[in-house]
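So the protein sequences, as listed, match chains A and B.
The numbering of the first sequence is this note's numbering, which starts it at 1 and goes up by one.
The numbering of the second sequence is this note's numbering, which starts it at 1 and goes up by one.
Just so you know, these hints were derived from the structure itself, not from any lab.
Computed from a prediction, not measured in an experiment: that's the story for all the values here.
Since the list gives no way to pick one copy over another, a pair counts as held whenever it fits inside one copy or between any two copies.
Here are the simulated EDC-like pairs of lysine to aspartate or glutamate, each with C-alpha atoms no more than 16 Å apart in a straight line:
| id | residue 1 | residue 2 |
| --- | --- | --- |
| 1 | K65 | E77 |
| 2 | K11 | D69 |
| 3 | K426 | E155 |
| 4 | K166 | E204 |
| 5 | K423 | E155 |
| 6 | K333 | D360 |
| 7 | K88 | D360 |
| 8 | K423 | E173 |
| 9 | K28 | E51 |
| 10 | K426 | E383 |
Chain by chain, the residues run as shown.
There are 2 protein chains.
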Amino acid sequence: MTRDLIRDLPKKIGETVNLKGRVTNTRKLGSITFAQLLDYTGTIQTVWEKEIDIKPGEVVSLSGKVKEDSRSKSGVEVGGEKIEVISKLLETPPVDLTKSKFDIQLSTLLDHRTTTLRHPRIHAIFKLYNLLLEGYEKVMREEGFTEIKTPKILEAASEGGANFFKINYFDKEAFLAQSPQLYKQIMVGVFERVFEIGSTFRAEPHFTTRHINEYISIDAEMGFIESFRDVTAMLNKVVKKIFAHIRENGQEYLDLYGVELDKVPDEIPHLKLAEVREIVEKEYGYKIPDTTDIDPEGERLAGRYAKEKFGSSFLFITHYPWSDKPFYTMTSKDNPKETEGFDLLYNGMEIVTGSQRIHDYDTLIANMKKKGMKDKGLEFYLETFKYSMPPHGGWGWGSERTIQLMLGLKSVKEATLFPRDVKRLKP
Amino acid sequence: MTRDLIRDLPKKIGETVNLKGRVTNTRKLGSITFAQLLDYTGTIQTVWEKEIDIKPGEVVSLSGKVKEDSRSKSGVEVGGEKIEVISKLLETPPVDLTKSKFDIQLSTLLDHRTTTLRHPRIHAIFKLYNLLLEGYEKVMREEGFTEIKTPKILEAASEGGANFFKINYFDKEAFLAQSPQLYKQIMVGVFERVFEIGSTFRAEPHFTTRHINEYISIDAEMGFIESFRDVTAMLNKVVKKIFAHIRENGQEYLDLYGVELDKVPDEIPHLKLAEVREIVEKEYGYKIPDTTDIDPEGERLAGRYAKEKFGSSFLFITHYPWSDKPFYTMTSKDNPKETEGFDLLYNGMEIVTGSQRIHDYDTLIANMKKKGMKDKGLEFYLETFKYSMPPHGGWGWGSERTIQLMLGLKSVKEATLFPRDVKRLKP
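Please model the entire structure based on the sequences and the hints provided.
Here it is in structure tokens:
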């Protein structure tokens with residue numbers, strides 16, 4: 001028996017079809033039962049003039065006749081004839097998936113992920129996430145970037161950051177990668193423009209709504225730039241195209257959150273960090289503490305300023321201090337205490353970090369010395385710069401956080417299928 | 001000064017253009033110098049009627065006039081006018097990248113990866129790898145699969161395999177994922193069809209040409225199948241479309257290896273493991289040892305048989321013994337000692353493993369008992385099957401090995417940018 005797909009039903013009015021899928025909801029109206037069916041191509045209302053022994057949540061196989069239905073989005077419904085349960089619910093699910101509001105505690109949401117992911121509102125988050133990935137894969141290739149996959153197990157915690165997870169690697173110790181930084185720079189020497197979508201691990205003991213210990217970083221690195229502004233210009237273009245892709249293909253999911261997707265300006269405004277610190281104090285009376293470049297409240301207010309002043313949900317904050325940035329970051333020509341780098345804020349939170357990198361061997365060695373770093377473990381990386389490297393730069397982009405901010409979710413964990421934090425290692 | 005791209009030059013005959021890229025080779029003929037230039041869009045020959053102070057391998061910026069050249073593939077060359085080195089070679093590279101033959105030892109190839117990746121033959125491997133990834137991303141979405149990203153840090157080494165890497169996860173112990181198996185099955189309950197491209201870690205102390213300890217697995221899982229033959233049929237279709245994509249976009253890279261890409265049959269032949277064992281002995285006089293289902297020599301001969309008998313570079317070997325397969329594998333209806341599973345061989349080596357999975361809660365619990373497994377650590381996974389799951393199956397596919405076999409490379413490490421093995425943790 002051939003299976004018909006829900007998306008094809010509008011072309012099959014009057015025909016008897018065989019469908020398979022999950023019944024997401026049922027409703028009785030007198031002697032009539034309505035059952036909503038979901039398959040991987042869409043949803044459809046089925047109408048039954050008899051009792052059916054189906055519980056919402058069960059997967060079924062059914063047959064029925066396709067009829068016009070002007071009230072539904074697809075313009076059709078199915079007059080049910082036969083229905084059979086393929087797999088029964090053995091217990092009542094721990095959460096009620098049939099309520100359109102789904103306002104449950106984060107811990108419950110995550111503890112029962114297997115079930116909660118099936119709710120249409122949660123389902124929508126990861127359909128949008130899929131569109132973000134698809135958009136990135138597509139757009140980066142359009143821009144001439146080659147996709148690469150770099151190792152996540154490293155010999156040394158050598159990238160200049162702290163908080164690496166340690167692994168027992170046979171008879172040695174090894175570390176989980178915090179980013180593909182060194183490898184993607186090496187690959188600029190091969191393909192000039194590269195991108196990667198990969199797992200990233202940070203052993204930071206955070207308890208915040210914006211951090212997780214394992215996430216998917218979407219990275220890029222490009223050669224022959226004149227300055228970091230070539231990188232922000234490329235990122236601007238990429239974000240704009242991806243958001244257009246999500247708008248075009250994800251409206252039904254955005255609608256569940258009442259979200260109209262933010263417009264991406266042709267030129268996202270740039271402000272120096274020093275300017276941002278002044279503006280935030282002057283405009284909103286908030287003094288960003290001197291112990292930090294910028295804190296979450298500072299970012300929130302900078303985002304508010306970008307919205308109020310430029311009508312932009314996005315803002316580049318540039319020229320962070322050299323002392324806080326990794327050794328491979330290019331220092332600013334005008335002020336060597338600042339860097340040719342940027343963060344991209346979206347709705348008042350950082351989603352991307354990037355910069356121009358040092359491509360000159362001697363400068364790199366000098367910079368490492370200033371940071372008190374040794375060559376050891378970095379020989380393979382440093383070798384790259386002995387053999388001619390173009391000026392280059394790139395970014396690391398937090399994928400889950402982008403979806404969090406797009407939908408206004410309270411925690412980034414809501415935008416992660418199976419999040420990992422200090423306390424959570426399952427499901 | 002605007003940068004012109006090499007791919008656009010055929011449209012700019014007679015114009016003066018500004019190019020940037022790496023000089024991959026130079027050659028003198030009397031008073032004329034030829035310099036091959038590579039940028040991210042292609043390569044072009046530049047011709048100089050004067051001495052130029054450029055070493056092969058250096059990145060440069062140059063200007064010149066585009067001229068017709070009927071002998072070159074693009075139909076054009078550039079008459080060089082000005083050239084400037086952007087970044088000098090500080091030392092002679094450890095390997096000579098200008099030789100078209102590049103027959104160096106694997107250890108040198110990997111030790112100096114930064115340099116060796118720049119050779120056109122090595123460059124080509126990873127351009128083809130990029131096409132494999134692009135093909136998978138595109139084709140899987142065409143077939144209605146949603147892309148997911150599942151965690152690589154796990155609380156328990158619970159999947160039924162051995163050889164997990166251990167991590168220090170804050171005050172606990174954790175493990176690196178050997179596959180996304182349990183998570184992708186959970187996601188069938190959400191999206192019905194899912195795929196993932198992700199890092200996979202195996203702490204197997206192998207010293208072979210076909211194993212690495214970290215690799216990229218390209219996975220899929222699909223619901224509402226009638227049998228595992230629906231999975232092999234889907235995989236057949238996907239492989240066929242991806243190979244067509246590679247053929248269409250990667251011929252110049254295949255040419256460097258003299259490879260004409262294998263035709264993928266509309267119906268890849270299926271043979272049961274028991275049959276394969278008989279055939280290999282009868283046809284080639286090789287007895288596969290009883291201590292194994294099939295060994296590399298057995299696979300090689302099975303591949304040879306598929307080629308000789310069916311003219312196919314691909315072969316599905318099915319019905320592996322239940323005793324050797326993980327607990328989630330569906331046993332065969334006809335013979336409970338066999339499984340509804342398969343390996344896909346390509347040129348005599350396994351590249352994909354898959355099966356129908358058990359979707360019935362009670363059967364799953366019974367199967368775990370038979371395997372001597374406990375629920376502990378698997379509660380979140382088992383919960384999935386209490387709440388109605390369709391019959392489903394899927395595969396895990398070794399991406400690097402596919403490129404190895406496509407090009408006939410001696411080791412899978414040659415098809416991995418920065419491979420990890422028992423002894424190698426860098427570069």
